[in-house]
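Asker: Read off the chains here:
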Amino acid sequence: MDEIICIVDSDGFRVTAMDRSHISFVTLDLKPTVFDEFECSEPERITLDTDEFMKVLKRMKNTDILTLTLDEGNLIVGLKGDAERKFKIRLIDIDYEPPQPPVLEYNSSIEVPSNLVRDCITDMDLFADRLNFLFDENYFIVTSDGEFGSADIKYLHGENITEVVKSCFSIDKLKEIFKASKFSKYVTISLGNDKPVTINFNLASNDGCLGFLLAPRIEQDE
Amino acid sequence: MDEIICIVDSDGFRVTAMDRSHISFVTLDLKPTVFDEFECSEPERITLDTDEFMKVLKRMKNTDILTLTLDEGNLIVGLKGDAERKFKIRLIDIDYEPPQPPVLEYNSSIEVPSNLVRDCITDMDLFADRLNFLFDENYFIVTSDGEFGSADIKYLHGENITEVVKSCFSIDKLKEIFKASKFSKYVTISLGNDKPVTINFNLASNDGCLGFLLAPRIEQDE
Amino acid sequence: MDEIICIVDSDGFRVTAMDRSHISFVTLDLKPTVFDEFECSEPERITLDTDEFMKVLKRMKNTDILTLTLDEGNLIVGLKGDAERKFKIRLIDIDYEPPQPPVLEYNSSIEVPSNLVRDCITDMDLFADRLNFLFDENYFIVTSDGEFGSADIKYLHGENITEVVKSCFSIDKLKEIFKASKFSKYVTISLGNDKPVTINFNLASNDGCLGFLLAPRIEQDE
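First to last, the protein sequences are chains A, B and C. Taking this note's numbering, I'd label the letters of the first sequence as residues 12 to 233. Taking this note's numbering, I'd label the letters of the second sequence as residues 12 to 233. Taking this note's numbering, I'd label the letters of the third sequence as residues 12 to 233.
So here's chain A without its partners, still in its complex pose (with noise of 0.2 angstroms):
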């Protein structure tokens, strides 16, 4: 993910990015109501450095108070804690259409502890390079297999799911999505059958959501 798009409107604040390799795209979505202050005059689209701007957003602590603002060409990133500090970062220009997620429709999703998931991704990565999300009637169902062993998990998932969908996915992958499960105590999971995984937090103020989408690997790959 070497640049991210944002956007800002009427209707917050849009983070996206996509991985170069096509294999990922990751969705920041706040709403208005999250800030404190929001000023839109007219919709503006920047791009970034992912690197330069995530550097800046971890100097940020608790405490602080964030503005952002566009000047000329940067984008000013203001924390007011004790001290005043501003951070300019360079916009870059990009002359081409960004990539946008494909829009999916699922008929399976549940609610799942997020810690849960990032445990049992962690699990998985004793012995395998690849795991099987399943849902059934019941449970959540996470398997992989390895050479020396392999994992078997259940979660007793209490929706209402009315089909078996089975898909694998990348564990490195899911691990670096699952770093984000410290933004939401939940995690919202769609799956179909061998289909891109749609992977959402939530704001527990229902204000803000990050999401990821996820292509499968095919079983028959290497």
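Just to be clear, a hint being listed does not mean it is correct.
A pair counts as met if it fits within one copy or between any two copies, since identical chains are not told apart.
Taking lysine to aspartate or glutamate and the EDC-like style, the derived pairs with C-alpha atoms no more than 20 angstroms apart in a straight line are [unchecked claim]:
1. 99 - 156
2. 97 - 163
3. 177 - 106
4. 190 - 22
5. 190 - 106
6. 184 - 108
7. 99 - 136
8. 69 - 136
9. 97 - 60
10. 165 - 75
11. 206 - 174
12. 196 - 40
13. 91 - 163
14. 190 - 30
15. 66 - 22
16. 186 - 13
17. 72 - 136
Think of the hints as simulated: they come from the structure by calculation, not from any bench.
Go by the hints and put chains B and C onto chain A.
Answerer: Below, chains B and C alone, put in the same frame as chain A:
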């Protein structure tokens, strides 16, 4: 320690492992009373790859309920928390009689806070690659000598020791062993003259023991 | 800083070290009142290998009682906690007069929370390898410029500063110095124009001071 041998019989669960270089033995003894449930219709002995087994054990949480079951060439490790997790570890067939730790008699044993010994090994590590354990009537003394400095630690042991005993050991091996200092607040050290040391970490409940046997370094070694 | 010089006399215990590249000096001044007991029949000056001395000091615990004794070519560092630990560090003979830090006069000094300065140096480190310290009437301002972005931090100092002063420093050197921010909640920064900065961390009890002198980077430097 490439393989571990697990023996289950009416006396409980016993794990032994030997360092290939034959320099140290580890044993873990868990009496049936340690377990909430313990069932053993006939004694079993199995062999596992140490790394594979440790990887799975490290995924255990404090609150998980652990079950160990044998099933046609596999050890099934079950962990039950919010989700049910099952790990299947392939057993290893070995066709040789695994070496047994020698049974040693000691005249001198003391019980010491395990953190204290762990810290003192780290102290010694500053200067040298080996250290001396010495018991005299009043003190447990640890010494080491290096080019740039030396260290010297005395601990009033309060035990009935009648002869002075002393042996020299590899600091690296001791550091490995004392990673187990979390296992128990106190450690029992049994020492002789230029003789292997026996280091036992006993569970507070007294129905479990993690023990190590480490060969001495002979002072003349280069 | 390969060697440190320790001077003990009726004024207390003073350690000085100089970076071989002559770019920075460190001094640690501890008044006799810092010590529970302080005995010095005649002034002494000794030289130690910095690494060896630091290795031993790092093994100290909060609750340890520290004793420093000289004994025929060695410094004996005693640490008394649950066990008695003694470390012997070989003194170094040097036959040259160690360089002394220059005595500098400043018109502008401010006291700032040391964590705030430490964090702000880390902020700057995102973009650049040098930064500017600037005092004006109201603010302590730190700035840096890099290819991808820039940062700019303002802190209302509340001191009586009458002239604007500004110097540029290496971020790496400052990061090293501010590892000492644990030593004291506040730090005193004395600044001039293109002149070395003096950075003093004072013990709350006022009977100890850890001080640094750091040469400026001249803006024209490559």
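Asker: Now look at each hint and say whether the structure bears it out.
Answerer: Status of the hints after comparison with the structure:
1. When the C-alpha separation of residue 99 and residue 156 is checked against a cutoff of 20 angstroms, the pair qualifies only between copies, where the shortest distance is 9 angstroms, while the shortest distance within a copy is 48 angstroms.
2. Proximity of residue 97 to residue 163 under the C-alpha cut-off of 20 angstroms is restricted to the inter-copy arrangement: shortest distance 5 angstroms between copies versus 49 angstroms within a copy.
3. In this assembly of identical chains, residue 177 and residue 106 lie within 20 angstroms of each other by CA distance neither inside one copy nor across copies; the values are 39 angstroms within and 42 angstroms between.
4. In this homomeric assembly, residue 190 and residue 22 never come within 20 angstroms of each other (Cα to Cα): the closest approach is 27 angstroms inside a single copy and 44 angstroms across copies.
5. With identical chains, the CA atoms of residue 190 and residue 106 are never at most 20 angstroms apart, being 32 angstroms at best within one copy and 45 angstroms at best between copies.
6. Within a single copy, residue 184 and residue 108 get their C-alpha atoms no closer than 25 angstroms, and across copies no closer than 44 angstroms, so neither meets the 20 angstroms cut-off.
7. For the homomeric pair residue 99 and residue 136, the shortest alpha-carbon distance between copies (14 angstroms) is at most 20 angstroms, but the shortest distance inside one copy (39 angstroms) is not.
8. Taking the closest pair of Cα atoms, residue 69 and residue 136 come within 20 angstroms of each other only across two copies (13 angstroms); inside a single copy the shortest separation is 27 angstroms, beyond that limit.
9. For the identical chains of this complex, residue 97 and residue 60 are intra-copy neighbours only, at 18 angstroms inside a copy versus 42 angstroms across copies, given an alpha-carbon limit of 20 angstroms.
10. Taking the closest pair of Cα atoms, residue 165 and residue 75 come within 20 angstroms of each other only across two copies (14 angstroms); inside a single copy the shortest separation is 40 angstroms, beyond that limit.
11. In this assembly of identical chains, the alpha carbons of residue 206 and residue 174 lie at most 20 angstroms apart only when taken from the same copy (15 angstroms versus 67 angstroms across copies).
12. For the identical chains of this complex, residue 196 and residue 40 are intra-copy neighbours only, at 17 angstroms inside a copy versus 39 angstroms across copies, given an alpha-carbon limit of 20 angstroms.
13. For a Cα distance limit of 20 angstroms, the shortest separation of residue 91 from residue 163 across copies, 12 angstroms, qualifies, whereas the shortest one inside one copy, 47 angstroms, does not.
14. For a Cα distance limit of 20 angstroms, the shortest separation of residue 190 from residue 30 inside one copy, 16 angstroms, qualifies, whereas the shortest one across copies, 37 angstroms, does not.
15. Taking the closest pair of Cα atoms, residue 66 and residue 22 never come within 20 angstroms of each other, the shortest separation being 26 angstroms inside a single copy and 47 angstroms across copies.
16. Proximity of residue 186 to residue 13 under the C-alpha cut-off of 20 angstroms is restricted to the intra-copy arrangement: shortest distance 19 angstroms within a copy versus 29 angstroms between copies.
17. Taking the shortest Cα distances, residue 72 and residue 136 sit within 20 angstroms of each other only across copies (17 angstroms), while inside one copy they are farther apart (32 angstroms).
In this structure, the earlier hints numbered 3, 4, 5, 6 and 15 are contradicted, and the remaining ones agree with it.
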